[in-house]
Each structure stands twice: as structure tokens, then as C-alpha cells.
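Number of protein chains: 2
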Amino acid sequence: MVDDTGVRDRETRTADTLAMLTTQAIDVWVATASAEGAPYLVPVSLAWVDDRAVIAVAKSSLTATNLMTSREARLAVGPTRDVVMIDAVLEDAVDVAADEALGAAYIAQADWDPRHDTGYVFLVLRPERIQAWREANEIPGRTLMRDGDWLTEMEA
Amino acid sequence: MVDDTGVRDRETRTADTLAMLTTQAIDVWVATASAEGAPYLVPVSLAWVDDRAVIAVAKSSLTATNLMTSREARLAVGPTRDVVMIDAVLEDAVDVAADEALGAAYIAQADWDPRHDTGYVFLVLRPERIQAWREANEIPGRTLMRDGDWLTEMEA
Chain A
17 MVDDTGVRDR ETRTADTLAM LTTQAIDVWV ATASAEGAPY LVPVSLAWVD
67 DRAVIAVAKS SLTATNLMTS REARLAVGPT RDVVMIDAVL EDAVDVAADE
117 ALGAAYIAQA DWDPRHDTGY VFLVLRPERI QAWREANEIP GRTLMRDGDW
167 LTEMEA
Chain B
17 MVDDTGVRDR ETRTADTLAM LTTQAIDVWV ATASAEGAPY LVPVSLAWVD
67 DRAVIAVAKS SLTATNLMTS REARLAVGPT RDVVMIDAVL EDAVDVAADE
117 ALGAAYIAQA DWDPRHDTGY VFLVLRPERI QAWREANEIP GRTLMRDGDW
167 LTEMEA
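Chains A and B are the protein sequences, given in the same order. Just so we're aligned, residue 17 is where the first sequence starts under this note's numbering, counting upward by one. Just so we're aligned, residue 17 is where the second sequence starts under this note's numbering, counting upward by one.
Among the hints, a few may not be true.
All copies of an identical chain are treated as equivalent in the list; a pair is satisfied when it fits inside any one copy or across any two copies.
Claimed, not checked - Simulated pairs of lysine to any residue, SDA-like, Cα-Cα distance not exceeding 20 Å:
no., residue 1, residue 2
1, Lys75, Ala124
2, Lys75, Asp111
3, Lys75, Ile155
4, Lys75, Ala152
By construction, these hints were calculated from the structure, which means they are not laboratory data. Keep in mind the model is a prediction, meaning the values are calculated, not measured.
All chains, full assembly: derive it from the sequences and hints.
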């Protein structure tokens, strides 16, 4: 029998998730794969801008190369026992100097400024599914976004 | 100019890394990819046994399926700013009830016991490369194991 003490309802999980994603100077684990299926994983700074995960990486990095090819990433934010997992697709890749509003939004949350780093790009990742759980008892009800839409309390 | 205040030497990083990997009830991020190149990522409990990362997962899980096919994983242990990154290959997959010594070693470190869970396997992952860093100033010197061998202070 699963102990459901402290299991958060969807409203609370969604609020906690948004609070986590907008935390100052927080990092995101970015998992990608090469065209040959080699897994890659790296932690980078996160900015959460208009329901998108924005990261800044070197154009030549494995993360950028993989994403430009497959357009798919799986992201994790938070410690392993209070996690937000995001399946996302690459929506846009812009030179760090090219989009002033995006650059301003990025540095408002991240604790470094990549805008003058030659060869860096902002990768804008659009979430398709978001899940959040702390321990095994929170596995039921972990899905907060499906097909790009936040679920409401009404939906299963 | 990079600020090298507090940058750990290789001996210290190796000691810190082994201490991290053998921590009680610690989790590991496991990044894998499907045959089609879809990235997957999940946190699971870690046991560090004879220089191998041992995890217990359902045989039917994406992590097991991906690893059985590609045999490659990229692992991360620790928070994003004190990280141990491991590129590993699948060395062995054993039914959780089949190897008593491995089961005992696993539960001595992990905080759950999968040995009676039908359909669970221990996946034994052999590290090929291990890197550890805290902040950007620790990127130089981050490689502690290469081609499966721990580097000594003498090696570049």
C-alpha cells in the first residue's frame, strides 16, 4: 500500500513547478541524443520565459548539435527527490546577440550573461509534457502538462 | 581571466568523487537514448560497487530497453554545481533475485530493496570516463577517469 501522506494535489504541484522553474540562478539538466543514438547530458543555466525553457550554449556544443538534428530534449529541474521533468522540442535557435528581449529575459533569471560570447546561441525549448514528483507516492498524478497544455484539476 | 580560487586538484576531486558515489541513499541521473535517438532521463537510486554504477529498474522501463539496445548511458551524480559526470557502458543485466552478492551490495547503499520486485533487473554500468567539476573554473582538469582508468597526478 502506498503511503499518500504529503502527496500534493495538481494545483499545488503546478504552483511548486512554476516556482521552481522561475527560481533565480537555477540549472537544468539537458538530455539529448546524437543522430547515432549516443546519449548526452549536461547541466546548464535555465531561464523560463513565456512557458519556454531557454538555455544558452555554444553552437559547437554536443547539446546544440544534437538538438539541431533531432529537435528533442528531456529536461530535469530540481533535486532527484523533488523533480520537474520536461519533454521538450526545439522551437527556435537564435544568436545570443540577435534578440534583445530574449537576452534581457535570460539574464533576468540566469546568473551569467552570454550575450557577448561569440558562437553562443539561445535554444528555445517548447515543453510538450511536464511531470513533477518528490517520492514514489507522487508518481500517480505526476503529469501536469500534456501535448503542450497545462492540465486543470478537472482533467484526469 | 578565470578565477581559480578554490579549484580542487585531481587528488582532491577523485577523493570527493568517490565519497559522492558511495554516499548512502544517493540518486543518479541516467540519460539514455532509444534506437530512434529519442533522449530519456530519469533519477534512480545508485549503488557504487567495485567501480561500477549499479541501478535497479523495471525490465520494461525505457531506461532498461534503451540500455539493452544501445548499451550506452551518461550518468550524473550530485547537484548541478558539484557534479560527477560518467560515460558508461552496460556490462551486465541480472535479475534482482539472481545475484545474492550484488543484491546485498546494492541494498547496503540504496534506501530501498528491489530484490522481491518481479520484473526488476540490476543494470551494471562500467564507467569509461568520469569527470567532476563545481563551477566553470573547474572545467580544466575535470577528467578523472579515461578509457576506464583512473588518472594519477602525473598524467595530463
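Under the constraints set out in the numbered hints, which ones does this structure not fulfil?
When the structure is compared with the hints, only number 1 turns out to be violated.
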